[in-house]
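Colleague: Residue numbers (UniProt numbering), protein chains in the order written: chain A, 1 to 496; chain B, 1 to 270.
Everything labelled a hint here was simulated from the structure, so no lab data went into it. Heads up, the beta-carbon is just placed ideally off N, CA and C, and yes, glycines get one too. Keep in mind that a hint or two might mislead.
Examples of chain B residues toward chain A, derived with CB under 10 Å [said to hold, decoys possible]:
no., residue
1, Asp73
2, Thr74
3, Leu96
4, Val99
5, Arg104
6, Lys157
7, Phe253
In silico negatives: residues of chain A with every beta carbon more than 10 Å from chain B [unchecked claim]:
no., residue
8, Arg39
9, Arg112
10, Ala117
11, Ser196
12, Arg226
13, Ser290
14, Leu317
15, Phe362
16, Leu378
17, Asp380
18, Gly386
19, Glu391
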Amino acid sequence: MSTFTIIAIVLLIGAIGATLGFRRGSALRAEGGRKPHSRPVYHASYVFTWGVIPALLVLSVWLIASPILNELNVRGDFPEGAVAEANLTDDLAYGIVESIGSGLRALPESERETVTAETPIAEAVPLFRQYGVPVASASADWMIPLAIERNAFQDISRWAMTLVVIALAAIGTFHGYRGIRTRLRARNKVESVVNSMLVIASSIAILTTVGIVISLVSESADFFARVDPWTFFFGTVWEPRFAAAGSGGAEGQFGLIPLLAGTLYIGFVAMLVAVPIGLFAAIYMAEYASNRVRSVAKPLLEVLAGIPTIVYGFFALVTVGPFFRDLSAQISGLLTGDYSAFIQAQSVLTAGFVMGIMLIPFVSSLSDDIITSVPGSLRDGSLGLGATRSETIKKVVLPAALPGIVSALLLTASRAIGETMIVVLAAGVAANLTINPFEAMTTITVKIVQQLTGDLEFTSPQTLVAFALGITLFVITLCLNVYALYIVRKYKEQYE
Amino acid sequence: MMENIQATLNERASVTPNRTIKMKTEKVTVHYGQKQALNGIDLEVYERQVTALIGPSGCGKSTYLRCLNRMNDTIDAAKVAGTILLDGENIYDPDLDVVELRARVGMVFQKPNPFPKSIWENVAYGPKIHGLAKTKDELEEIVHTSLKKAGLYNEVKDRLDEPGTGLSGGQQQRLCIARAIAVSPEVILMDEPCSALDPIATATVEELIDELKQNYTIVIVTHSMQQAARVSQQTAMFHLGDLAEVGDTEMMFSNPSDKRTQDYIMGRFG
Ligand SMILES: Nc1ncnc2c1ncn2[C@@H]1O[C@H](COP(=O)(O)OP(=O)(O)O)[C@@H](O)[C@H]1O
Ligand SMILES: [Mg+2]
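Just chain A, same shape as in the assembly (with noise of 0.2 Å):
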């Protein structure tokens, strides 16, 4: 039975417990003077839960761990030395055993019964690749038998689980419809589950930032354990060389400087282009448009927000490159006569330009939550006074909103930080060290991306330091939000 089935049962058990325990719920009397505690809906939702979570739970106890003893149990019958033998690895050769044992599956009911464990695994491959289930070369004939075996561990722990999650749904509902009486605390029961789902909810995020912080901190070291910390974070050339395959040796340099200082520039200028342009369209958004137009623009701004950024890249490689190139020429030839473009077409400018179109949205519906959320009462006090509007809004509103318009800004720069696509198509791959934003720079992330690009194993500095570079732009972006959070906490305690 497939899990979605199972699934589906025990909730039906559940619904149909829930509606008896609605009824008897309903029926409840006052005992010695005393109302029902709950009223008849939180019945149901007791014997609901009862009926559902221990069975769900056991469910995915189960779904887990059941694989995990399958793999052991074949691994240990793994024939002594064969391994070795066969040049494989454990974990290739229970990969093996695996698709033998989905090959298996793949058989037709009339074909099954002529694979058994004696048949030779030269017969069996071909027949299972003919089902459409791929082989790997490294198969051996004592895979056969641990493949069945395995299979055979599958069903009888699909059906035993299938008993226990129904049974228990069963028993649980039961359970939850027997112990409804007057007294019974359902409400605060029920509140407390609910209270518990919320706490796994938010651990599960909580959970996820960590293991992926404990991963790249654990690759990291790795990666520190064979390149020197100092040459990386202080080192000016970016050239990590792979080393051919079997050759050893070059290890090639990995500065980490260009790509930081790519990064930064290039965040920079889009700071440049997106900070005013942003700011200005907020202001004029919160402070000077009618209803009328703010409800048509605002829509229109975010949906600048929507766009996909490979689609800035895009257009930042096609369109905007090609334009300050020839831009560059025309002006150089006006000036010298010489007309060779001095803006290159992969440049710091282009990308920045481009990212900060992109970031326009970001700055200026932060910020205009933030000015619009200056209360009007110090409008109307300044002018009330015979300030004018932009007075106002210079003196008065944006100084109020300033901590929380910077915290805006902070939390765009991470975003600028992050942004990958722009810059591969706009600023290039080139690890270049330049102040020259017309020259052709690269992103941290650009690289962490060319680093782990192509078929790969995660052993040599070349694809560990991508490990490296992700643990640097984490920490950055992580301090700037912060920053910008301590900075937001503050500005609401003003106003409260």
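Dock chain B with the ligands against the given chain A, drawing on the hints supplied.
Modeller: Here is chain B with the ligands on its own, set in the frame of chain A:
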């Protein structure tokens, strides 16, 4: 009987000395979109006196008050019609700039709204905008006198650079009064200035209003009958967008001629 009272009131009004008309409105109507909020208000506000506007909530007191310094301009939906005169001059006259008008007719709001700046900056804000002080010393002088006039100076003189938002509610409201005084207005409009304050702070502000009337013309909206009686010389009773009755405060409270005023005052006084 009714006519008698009216006659006495009129007589009193005409014989009372020092009754220069400071502001005057004729047939002032206000619409918020389709909805009419004021149906033609004729009212005279006398110089260096306190005029109280009373009436049940939603009757248009705030709306009327906002007409007097054109704060209704800031509300998109509001349309004002009729004549409003300040010293006989139409405040909608193209020659009279709204910014200038608001410097002459200042406003104090229901909820204290100090800017999130220092106490000093709050008071200096208006004079700076209007360029009232030529030197730093002059500005300092204006700030100090305004705070003194608002009766706040002694309480805050040691912490002028602390944020105005850190003061107590009553102090904040007096800071807002000081802020309004600092631009030397002729008229000060106050919209329920004590409704967010405790009784002691209220008493302080009421005393302040009483002193301010020596130099300023004051129009105050209040929902407290006692307050109107304590601080004002003239009272105007609004009802559903109409001016139900206007007259000498003492007379209004002892001998209201309008049925609606009687009900309102009786209701309030229990
Ligand atoms: N900004 C506004 N937009 C639309 N209607 C308003 C606005 N301000 C006030 N009104 C309406 O005008 C009427 C008078 O309001 P208001 O002057 O605030 O009364 P009061 O100050 O006497 O309580 C009320 O019916 C109110 O709903
Ligand atoms: Mg009001």
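Colleague: Could you tell me which of the numbered hints above are not met by this structure, giving the numbers in increasing order?
Modeller: 3, 6, 7, 13, 16, 17, 18 and 19
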